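Novice: Take a look at the letters that make up each chain.
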Amino acid sequence: MKFGVVRFPGSCDELDALAAARRVGEAVLLWHAERDLQGVDAVIIPGGFSYGDYLRAGAIARFAPVMEAVAEFARDGGLVLGICNGFQVLCEARLLPGALLPNTSLRFVFRQVELEVADADTPFTCACPPDRRLSIPVKHTTGRYFSPEPVRVVLRYAPGHNPNGSQDDIAGVCNEAGNVFGLMPHPEHAVDPLTGSTDGLSIFASIAQGHVRQHVLA
Amino acid sequence: MRARVLVRPKAGILDPQGQAVERALPALGFSGVANVHIGRLIELDVEDPGQLPRMCEQLLANPLIEEYEIVEDTSR
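In order, the protein sequence lines correspond to chains A and B.
Under this note's numbering, the residue at position 8 of the first sequence is numbered 85, and the numbers go up by one with no gaps.
Under this note's numbering, the residue at position 31 of the second sequence is numbered 1144, and the numbers go up by one with no gaps.
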């Protein structure tokens, strides 16, 4: 299983995403100006401030050459995970429904939050613990999810844990087909006991397990 | 043509920046202020103004959450 982690100018969580992915498989960095996805099995769009978040978070990154390849990869059913700024990029690229607005508090939030897995039947959550609770940090200013249309909710902030005022406590959504997933919390920052929680690992483990089921055991 | 594109949060979408300013003004002694909203101003020279609506739909605004208004700048 090979992950590709996209690096835009202004990305800042790509190395943590790379390290997290390497706990369950191989992983390489994909440069924003390249169209070649190097034969990866899943793409991660990491957190950060791609292109300085100019205009709107994710609005410019959407036009990067690598995103053309990612859009085609997603259309063909490839797995795409967008974390934080990556979630914003996927919404701007219309690979996911909805948009991210400034937090209602207008403040940067940086804390551990409790999440509930609302949909464990996705390639990104199938290996989540049976109690469906995850403890994962958030760190963002523009995380208030909004969609005028009904969406497939994958993760919700547990009651009392919504850090940004998102609609229906939504923390993460996937597309209808279930192969593109975006979330505001940072699973890549919760993979080592040193940082207090390893719950984020279950997102990466889900992707790897699904890959094994699909390609190795098939 | 010199154009101004005004981008605003769509009606019905919570605008915490507007609310914060609305609450701040009375603190300075200004009264009778309501419905404050904060958006973006984009100024640009365009050869073909007919392209402006598509520019707005595809990049300058996010039509899911924002509305836009195109104004010709005749001041110069």
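By construction, these hints were calculated from the structure, which means they are not laboratory data.
Values in this document were obtained by computation on a predicted structure and should not be read as measured data.
Here a beta-carbon is modelled for each residue, glycine too, at the ideal position from N, C-alpha and C.
Keep in mind that a hint or two might mislead.
As the list claims (entries may be wrong) - With a straight-line cut-off of 25 Å between C-alpha atoms, the simulated DMTMM-like cross-links for lysine to aspartate or glutamate are:
1. A:Lys79 <-> A:Asp208
2. B:Lys1123 <-> A:Glu226
3. B:Lys1123 <-> B:Glu1182
4. B:Lys1123 <-> B:Glu1185
5. A:Lys216 <-> A:Asp153
6. A:Lys216 <-> A:Asp130
7. B:Lys1123 <-> A:Asp130
8. B:Lys1123 <-> A:Asp245
9. B:Lys1123 <-> B:Glu1135
10. A:Lys79 <-> A:Glu111
11. B:Lys1123 <-> A:Asp246
12. A:Lys79 <-> A:Asp113
To be verified - Partial list, computed: chain A residues near chain B (C-beta under 7 Å):
13. Ala176
14. Leu183
15. His288
Novice: Holds or violated: are the alpha carbons of Lys79 (chain A) and Asp113 (chain A) at most 25 Å from each other?
Specialist: Answer holds: Lys79 (chain A) to Asp113 (chain A) is near 14 Å, not above 25 Å.
Novice: For the pair we were handed, Lys79 (chain A) and Asp208 (chain A), check the Cα-Cα distance against 25 Å.
Specialist: Not OK: Lys79 (chain A) and Asp208 (chain A) at ~29 Å, beyond 25 Å, violated.
Novice: Taking only the CA atoms, is the gap from Lys1123 (chain B) to Glu1135 (chain B) under or equal to 25 Å?
Specialist: holds (18 Å)
Novice: Starting from Lys216 (chain A), check that the Cα of Asp130 (chain A) is at most 25 Å away, please.
Specialist: Holds: Lys216 (chain A) and Asp130 (chain A) sit about 15 Å apart, inside 25 Å.
Novice: Tell me if the straight-line CA distance from Lys216 (chain A) to Asp153 (chain A) falls inside 25 Å.
Specialist: violated (32 Å)
Novice: Does Asp245 (chain A) sit within 25 Å of Lys1123 (chain B), going by the straight-line distance between their CA atoms?
Specialist: Holds, because 19 Å separates the two Cα atoms, which is no more than 25 Å.
Novice: Holds or violated: the hint that Ala176 (chain A) contacts chain B, with Cβ atoms closer than 7 Å.
Specialist: holds (5 Å)
Novice: Please verify whether Lys1123 (chain B) and Glu226 (chain A) have alpha carbons no more than 25 Å apart.
Specialist: holds (15 Å)
Novice: Does the alpha-carbon distance linking Lys1123 (chain B) and Asp130 (chain A) stay inside the 25 Å limit?
Specialist: Between Lys1123 (chain B) and Asp130 (chain A) the Cα gap is close to 21 Å, so the pair holds against 25 Å.
Novice: Would the pair Lys79 (chain A) and Glu111 (chain A) pass a check requiring their Cα atoms to be no farther apart than 25 Å?
Specialist: Measuring from Cα to Cα gives roughly 18 Å; hence the hint holds.
Novice: For the pair supplied as a hint, Lys1123 (chain B) and Glu1182 (chain B), is the alpha-carbon distance within the 25 Å limit?
Specialist: At roughly 12 Å apart (the allowed maximum being 25 Å), Glu1182 (chain B) and Lys1123 (chain B) satisfy the hint.
Novice: Given His288 (chain A) as an interface hint, is the shortest Cβ-Cβ distance to chain B below 7 Å?
Specialist: violated (32 Å)
The structure fails hints 1, 5, 15 (numbered hints given earlier, in ascending order).
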